[in-house]
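Given these sequences and hints, build the entire structure.
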Amino acid sequence: MNSHNSAGEELDFLCLVALNAMLPLSNERTLQAAFYILRGRKANQTLQDVHLYSLYPYYRMFPRFTKEGWDKIVSTLLQKGFIRTVTRDEQTKKSTFWVTQAGKDFAEKESDRFQLNFWLAPFSQSDMAERLGLFWLRLHLIVQTVSHLLAGELGFVPIVSDKRTQRWARTQLHDQVSRVMWRDQLEEELFELLYPLPIEAQELIVSQLSGAAQVGKTLEQIARQRKETPSYLQLPFRYGLAACILRLQQESECFPLLSRLVIETHKFDSRLTDSAAKTYQLIQRGLGKAEVAIRRNIKESTVEDHLVEMALRCPEWDYSDYLSEELGDHIVQTSEQLQTSRLRMIKDQLDDTVSYLQIRLALARRQGEKVK
Amino acid sequence: MSDLLHNTLSKHFGHSAFRPGQEKMISQVMSGRNVLGLLATGGGKSVTYQLPALLLPGITIVVSPLISLMIDQVQQLRARNKIPAAYVNSSLDPAESRELLQEIATGAYKLLYVSPEKLQQPYVQSVLKRVRVSLIAIDEAHCLSQWGHDFRTDYLRLPDVIKHVGNPPVLAVTATATKAVRDEICDLLHIEAEDVVAQPLNRANIALDLAEVQDEGERRGKVVELMNSLQGPGIVYCSTRQAVDVLTATYQLEGSRRVHGYHGGMNSMERMLIQQQFLSGDLDIIVATNAFGMGIDKPDIRFVIHYQLPASMEAYAQEIGRVGRNGEPGYALLFSSKEDVHIHQHMLDREYPTQLQVQQFCQLLSKGIAITSEVLAAVDLSEEMAGMLSFYAEKAGYISKPGTAMPYDQEKALHIWQDTQVRKRQKHQKLFGMLDYVQNNQCLRRSLNHYFEEAEYSFTLQCCVHCGLDRVAYVGDIPQKQEKKDEKPWNLRQALQTLLPKR
Ligand SMILES: [Zn+2]
Numbered sequence: 001m002n003s004h005n006s007a008g009e010e011l012d013f014l015c016l017v018a019l020n021a022m023l024p025l026s027n028e029r030t031l032q033a034a035f036y037i038l039r040g041r042k043a044n045q046t047l048q049d050v051h052l053y054s055l056y057p058y059y060r061m062f063p064r065f066t067k068e069g070w071d072k073i074v075s076t077l078l079q080k081g082f083i084r085t086v087t088r089d090e091q092t093k094k095s096t097f098w099v100t101q102a103g104k105d106f107a108e109k110e111s112d113r114f115q116l117n118f119w120l121a122p123f124s125q126s127d128m129a130e131r132l133g134l135f136w137l138r139l140h141l142i143v144q145t146v147s148h149l150l151a152g153e154l155g156f157v158p159i160v161s162d163k164r165t166q167r168w169a170r171t172q173l174h175d176q177v178s179r180v181m182w183r184d185q186l187e188e189e190l191f192e193l194l195y196p197l198p199i200e201a202q203e204l205i206v207s208q209l210s211g212a213a214q215v216g217k218t219l220e221q222i223a224r225q226r227k228e229t230p231s232y233l234q235l236p237f238r239y240g241l242a243a244c245i246l247r248l249q250q251e252s253e254c255f256p257l258l259s260r261l262v263i264e265t266h267k268f269d270s271r272l273t274d275s276a277a278k279t280y281q282l283i284q285r286g287l288g289k290a291e292v293a294i295r296r297n298i299k300e301s302t303v304e305d306h307l308v309e310m311a312l313r314c315p316e317w318d319y320s321d322y323l324s325e326e327l328g329d330h331i332v333q334t335s336e337q338l339q340t341s342r343l344r345m346i347k348d349q350l351d352d353t354v355s356y357l358q359i360r361l362a363l364a365r366r367q368g369e370k371v372k
Numbered sequence: 001m002s003d004l005l006h007n008t009l010s011k012h013f014g015h016s017a018f019r020p021g022q023e024k025m026i027s028q029v030m031s032g033r034n035v036l037g038l039l040a041t042g043g044g045k046s047v048t049y050q051l052p053a054l055l056l057p058g059i060t061i062v063v064s065p066l067i068s069l070m071i072d073q074v075q076q077l078r079a080r081n082k083i084p085a086a087y088v089n090s091s092l093d094p095a096e097s098r099e100l101l102q103e104i105a106t107g108a109y110k111l112l113y114v115s116p117e118k119l120q121q122p123y124v125q126s127v128l129k130r131v132r133v134s135l136i137a138i139d140e141a142h143c144l145s146q147w148g149h150d151f152r153t154d155y156l157r158l159p160d161v162i163k164h165v166g167n168p169p170v171l172a173v174t175a176t177a178t179k180a181v182r183d184e185i186c187d188l189l190h191i192e193a194e195d196v197v198a199q200p201l202n203r204a205n206i207a208l209d210l211a212e213v214q215d216e217g218e219r220r221g222k223v224v225e226l227m228n229s230l231q232g233p234g235i236v237y238c239s240t241r242q243a244v245d246v247l248t249a250t251y252q253l254e255g256s257r258r259v260h261g262y263h264g265g266m267n268s269m270e271r272m273l274i275q276q277q278f279l280s281g282d283l284d285i286i287v288a289t290n291a292f293g294m295g296i297d298k299p300d301i302r303f304v305i306h307y308q309l310p311a312s313m314e315a316y317a318q319e320i321g322r323v324g325r326n327g328e329p330g331y332a333l334l335f336s337s338k339e340d341v342h343i344h345q346h347m348l349d350r351e352y353p354t355q356l357q358v359q360q361f362c363q364l365l366s367k368g369i370a371i372t373s374e375v376l377a378a379v380d381l382s383e384e385m386a387g388m389l390s391f392y393a394e395k396a397g398y399i400s401k402p403g404t405a406m407p408y409d410q411e412k413a414l415h416i417w418q419d420t421q422v423r424k425r426q427k428h429q430k431l432f433g434m435l436d437y438v439q440n441n442q443c444l445r446r447s448l449n450h451y452f453e454e455a456e457y458s459f460t461l462q463c464c465v466h467c468g469l470d471r472v473a474y475v476g477d478i479p480q481k482q483e484k485k486d487e488k489p490w491n492l493r494q495a496l497q498t499l500l501p502k503r
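As you go down the protein sequences, you meet chains S and X in turn.
Going letter by letter, the first sequence gives residues 1 to 372 in the working numbering.
Going letter by letter, the second sequence gives residues 1 to 503 in the working numbering.
No wet-lab data here; the hints were simulated from the structure.
A portion of the hints provided could be inaccurate.
As the list claims (entries may be wrong) - Chain X is faced by these chain S residues, among others (derived, beta-carbon under 8 angstroms):
| id | residue |
| --- | --- |
| 1 | Phe114 |
| 2 | Gln115 |
| 3 | Ser161 |
| 4 | Val206 |
| 5 | Ala243 |
Unchecked claim - If the Cβ cut is set under 10 angstroms, some of the chain S residues that face chain X in the computed set are:
| id | residue |
| --- | --- |
| 6 | Arg167 |
| 7 | Ser210 |
| 8 | Asn297 |
| 9 | Ser301 |
| 10 | Leu350 |
| 11 | Val354 |
Since this is a predicted model, take the numbers as computed values, not measurements.
Note that CB positions come from ideal geometry on N, CA and C, so glycine has one too.
What follows is the structure, given as structure tokens:
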């Protein structure tokens with residue numbers, strides 16, 4: 001294996017993914033926006049971009065991306081002439097970018113080569129990235145635990161150290177009846193679940209699992225063994241997990257054990273981030289946004305971010321204290337006329353009394369309705 | 001007494017004999033004395049408090065900073081030794097903690113592992129006050145000492161806690177400690193000189209070697225070659241994550257053994273997988289920062305290479321102590337170059353605050369606002385540094401009440417900075433101790449033991465490079481490049497049955 005080539009292939013692949021994530025953001029957002037999406041930043045701006053531009057498959061695709069890694073990708077894209085930067089605002093030096101024809105051609109051709117559309121198809125749900133992580137931790141821990149149970153070894157070192165997952169597994173195996181069920185039926189359910197997946201995905205999932213007779217491999221080790229780039233392997237791996245989650249949701253009656261892996265046992269409203277869920281509770285009790293800010297000891301602008309998140313994900317929330325229906329419609333129309341979601345441009349077209357919060361709420365509500 | 005101890009040892013722990021030092025420590029503790037025990041890692045520290053816990057009437061508290069080790073020991077105690085044990089640490093949620101503490105109050109457990117920070121909590125202390133504490137064991141006791149290489153602020157209040165739960169006997173255990181560290185521990189915990197039980201630090205089956213290199217290329221080349229030729233399994237310790245990554249990548253291209261890197265920058269699942277692969281023999285060599293090794297017991301490690309100069313003799317002794325625990329010949333080789341000292345100096349400069357940073361931190365405190373990660377990022381302070389500064393600020397009486405501003409105190413800020421500088425100088429001293437070890441031309445075994453003020457220099461196979469050393473003795477079979485082993489066609493059923501065999 002040649003190191004230069006494999007590093008080069010890795011960069012090529014990352015450039016392709018980045019370019020695809022950047023396409024819809026062209027002329028709308030800064031270069032960093034795609035970076036935040038791929039890394040899975042939990043900031044409201046990023047979450048809203050993901051919704052607004054339907055970038056669900058890309059959210060949290062590479063949670064361990066570094067800033068340096070990203071800069072390298074951007075400079076490669078610039079150097080190859082796939083993107084160009086534009087300075088938007090002379091005063092603030094804010095800049096955006098656009099994707100060139102060469103960039104679009106490259107993205108199309110390479111996406112076909114890597115079957116990008118196929119591997120990303122199961123990511124149609126907005127919270128898939130979050131669920132993927134939880135599902136994988138649970139699957140890993142329950143398989144390891146049951147495997148040691150079968151081998152009669154009670155003391156073992158769990159590979160998953162996440163406490164919430166450990167607590168979940170402990171609850172699952174708490175009583176004798178469930179223990180026997182897991183012990184006797186897990187293998188069969190797992191076979192049924194994984195069998196329809198492409199072999200590539202099956203293999204990736206199973207070789208990363210640990211048990212009494214096998215210590216799982218890391219994705220990086222599998223990549224080296226197969227002489228593939230580790231980032232590419234994320235595609236079939238994530239596809240496999242996402243497909244499992246969808247199937248367990250749809251056919252839960254066929255998977256009495258494994259369907260428990262996709263049930264959320266969250267204290268808060270799982271549609272929202274924990275912090276936004278706390279705000280929502282207070283808003284529902286009739287507090288205003290300033291009061292919430294004081295009560296929770298957070299900034300009012302943070303509360304506003306939560307309101308936008310609520311508008312996006314909680315259709316039952318009555319936002320009329322903040323935005324009238326007519327004004328909301330007017331903002332949406334303006335956005336459509338201008339063909340942009342950039343707040344500044346929309347605000348310039350509207351009456352001075354319209355606030356950024358109102359624009360954001362209106363756009364979020366429109367997007368929330370689209371997703372439904 | 002001796003019979004009782006031996007019977008308990010064989011019945012509950014399955015050992016027929018005590019390892020050196022264990023019996024003396026146990027019987028002294030059982031007679032109600034405070035004891036300091038120095039046992040090498042893997043020398044059976046845990047038995048010295050687990051066995052008394054079984055025999056003493058009340059509960060035994062074990063203070064340990066290593067959560068994973070705690071969980072592991074408790075699982076083993078419950079499963080294998082049938083000893084009712086539990087742990088309280090940050091991994092439990094408040095409801096679970098409360099429930100557990102209620103059980104403890106009813107006397108359901110013989111052994112309780114607690115992290116030092118949990119032990120500070122008034123609620124935990126009040127429960128422990130109500131039950132009868134027969135013994136407090138303090139694991140990694142060197143963390144108590146400000147002279148130690150691994151001083152932890154949350155250990156500092158332990159003496160108060162001991163008083164608070166009724167002054168039960170104390171057993172402090174650690175693997176490595178200089179005279180100054182021992183003295184400080186004994187002083188803090190009221191341990192008499194005759195109650196210090198020390199096993200000689202000297203490891204007779206490990207040969208000590210040094211190699212000086214001129215540049216990075218030479219260093220990497222030599223290490224890669226040795227990784228191919230030395231009898232494994234082995235560990236290569238590097239000072240930085242970056243060095244781990246570069247050496248691992250180089251070796252994976254050129255070398256023939258199964259090697260993987262390990263450092264704190266990897267996610268926890270990856271780290272656990274790599275560690276378990278090494279323990280189970282799926283990997284021959286680990287290239288790691290000092291994050292690897294704490295609490296790991298692999299008896300058949302045959303060599304440790306230090307890619308760069310370690311930060312202290314304490315760290316060095318601890319890291320090479322992982323070699324040859326099964327008594328087989330072991331080999332420890334330390335590479336160094338002129339630049340290594342600069343790497344450490346640079347790391348120390350980053351670890352300790354500048355005067356300006358201390359001022360900025362104190363100004364934040366004066367404002368009376370909550371110190372969040374955003375606030376810290378705004379003045380470019382890391383959370384680790386903020387943790388350290390909070391400790392010294394508290395010591396200096398620079399305490400802010402949330403929500404109330406107070407005037408900025410120039411003098412106290414200066415005092416805090418001077419305190420951190422004292423610590424920084426101590427770490428420099430440790431580094432110079434290490435430098436001295438590689439630069440003087442005396443027998444390495446003597447230098448090493450002399451540093452810890454011990455006078456035991458025996459060896460079984462070979463002593464050290466200055467006394468004459470034949471490296472060939474530590475060379476193993478040249479491994480063939482193992483490939484195509486896993487290239488059977490994929491069979492899902494088979495793969496799942498390996499994981500979850502039908503009974
Ligand atoms: Zn010697």
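Status of the hints after comparison with the structure:
{"no.": "1", "hint": "Phe114", "in the structure": "21 angstroms, violated"}
{"no.": "2", "hint": "Gln115", "in the structure": "19 angstroms, violated"}
{"no.": "3", "hint": "Ser161", "in the structure": "5 angstroms, holds"}
{"no.": "4", "hint": "Val206", "in the structure": "5 angstroms, holds"}
{"no.": "5", "hint": "Ala243", "in the structure": "15 angstroms, violated"}
{"no.": "6", "hint": "Arg167", "in the structure": "8 angstroms, holds"}
{"no.": "7", "hint": "Ser210", "in the structure": "7 angstroms, holds"}
{"no.": "8", "hint": "Asn297", "in the structure": "7 angstroms, holds"}
{"no.": "9", "hint": "Ser301", "in the structure": "12 angstroms, violated"}
{"no.": "10", "hint": "Leu350", "in the structure": "31 angstroms, violated"}
{"no.": "11", "hint": "Val354", "in the structure": "29 angstroms, violated"}
Hint compliance for this structure: hints 1, 2, 5, 9, 10 and 11 are broken, all remaining hints hold.
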